[in-house]
Amino acid sequence: MKNNAHKVFSMKKRLTWSVVLLSTCLILISLIFSYFESRHEIREVYDARLGQSAKMALLSVPSVINNLDDKVAKKQLSNWMAQLSQQADSQGGEGPTDYGHPYERNILIQYYRDGKMLWSSIPSMTAINHNPDYYGYGYVSHIGKTWRFFQLRMPDSDDYVVTAEKLSIRHEMINELALSTALPQLILIPCLGIVMALLIERNFKPITELRSAISQRNINKLDKIYVQHPTTELTPLVAALNTLLGELDEAWQREKRFTRMAAHELKTPLTILRLNAENAFDAPTKEQLTTSLNHILAGIDRTDRLIQQLLMLARVESVKSLQFVKIELAEFLQSVLAEIAPMALKQDQELSLDANPAVIMGDPALLRVLFLNLLDNAIRYSGKRTAISVVLTESDDHFIVNVSDSGKPIEQEVRDKLFDNFYRANSERGDGAGLGMSITRDIAKLHHGNVALLDHDLKGNTFQITLKKHNL
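Residue numbers (the working numbering): 115 to 586.
Hint data in this document are derived by calculation from the structure and do not stem from the laboratory.
Hints may be right or wrong, so weigh each one.
Simulated pairs of lysine-lysine, DSS-like, Cα-Cα distance not exceeding 25 Å [said to hold, decoys possible]:
| # | residue 1 | residue 2 |
| --- | --- | --- |
| 1 | Lys338 | Lys127 |
| 2 | Lys440 | Lys583 |
| 3 | Lys498 | Lys460 |
| 4 | Lys335 | Lys370 |
| 5 | Lys370 | Lys338 |
Listed next, with one range per pair, are the computed distances between beta-carbon atoms [to be verified]:
| # | residue 1 | residue 2 | range |
| --- | --- | --- | --- |
| 6 | Val473 | Glu361 | 24 to 34 Å |
| 7 | Asp569 | Val473 | 29 to 39 Å |
| 8 | Leu306 | Thr260 | 33 to 43 Å |
| 9 | Met457 | Asp569 | 24 to 34 Å |
| 10 | Val473 | Thr404 | 43 to 53 Å |
| 11 | Asn289 | Gln330 | 51 to 61 Å |
| 12 | Gln330 | Val473 | 19 to 29 Å |
| 13 | Asp569 | Glu464 | 20 to 30 Å |
| 14 | Leu142 | Tyr249 | 33 to 43 Å |
| 15 | Thr322 | His154 | 27 to 37 Å |
| 16 | Trp366 | Leu425 | 10 to 20 Å |
| 17 | Asn317 | Leu425 | 43 to 53 Å |
| 18 | Leu291 | Thr260 | 13 to 23 Å |
| 19 | Gln578 | Glu442 | 14 to 24 Å |
Remember, predicted model here, so these are calculated numbers, not experimental data.
We put the beta carbon where it would ideally sit given N, CA and C, even for glycine.
Start from the sequences, fold in the hints, and give me the full structure.
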């Protein structure tokens, strides 16, 4: 089976090589463009010089030939060219001399009449191969060299001039110009690579810091990450990681808290169950056996309720957001009262509901737990033949549900601890784990509301639930 996992790569190396290669390609493209552009411009300049030289020669050479002995002219020209070559050779053949520039030996001007060469700027040079009837620019091979020439004829005359220069001169100029342009840029490429590597290493430092900070985090160290050199790109990532770490820490704390709670709360009922089971084994009479078995069943019921409350607490604490649906609150409260009515009938208690139609957004399952917890507490702890009422009203921003009972006033000490986890005010009359009110408070908060115990009045003990209205 093929391994489809992508190979791990270095971002810094890939970015460095990408920038260097891209820069190299751009420099080479620039050099190629410069080379061809320079060649075009040099050709135009040199061609213009050939044309200008031909015009000047065509206008001036006839007077020289007519007014000066041709042999004298050729001899003087030969002397100049010889002295130019001698002096140029002594200087290395590159720089200018008192008699001109060595490059003159690569430039040729020849004057023709009736196809016969009368005068040449290089006396030792024979006539170049050309077509006497041709006009303009062209290329010709002469003495093993390629020449670029320009041919121009005097109007209404058989006289014409051919100006030419070695093509190698142009190539030399182009190559030198290209080399002078390319060499600094070619040297720039490795320098650019070094500079880019240093800059990328420096600018990737925050990523290195982030990697180091993340590597230091573990299940026992989930505190926020701080980067010494924050950047625009990393700041959202660090914020997202810190949010994730915060949620992970909360989940881990909830898990540890739940484990401690479960271990602590289940220890007592399991111990009692064990004692009752031992008493059942040792019961001398049938009545004592029945009593012990009833105690076991009651312990199982209490343990089951404890487990249910622990699971509900874990579920509520782990919820961050809910998918709300529309709920007709009056009908919803009526169904909750109908569900718990059998329990109230056993206590000869009276249940009542006063509610007008009202639609809210909420989680039906959690809201049912909220109202059942409040009604369950009222039924268990208000006493027999009490009245329990549920009244639904509304304000500008909230729906308000009051759950009241006519039982004895709740003591102040109980009021202060009523919403604490595992606090049981009347443990002798209940089988709960002391989590019901805590769960009720958390569910109300998830619905952007609150649960509060109001001061005792003529209606008795009243728990007030406020639930925020939503735009429907």
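For this session: Mind listing which of the numbered hints don't hold for this structure, in increasing order?
Result: 1, 12 and 15
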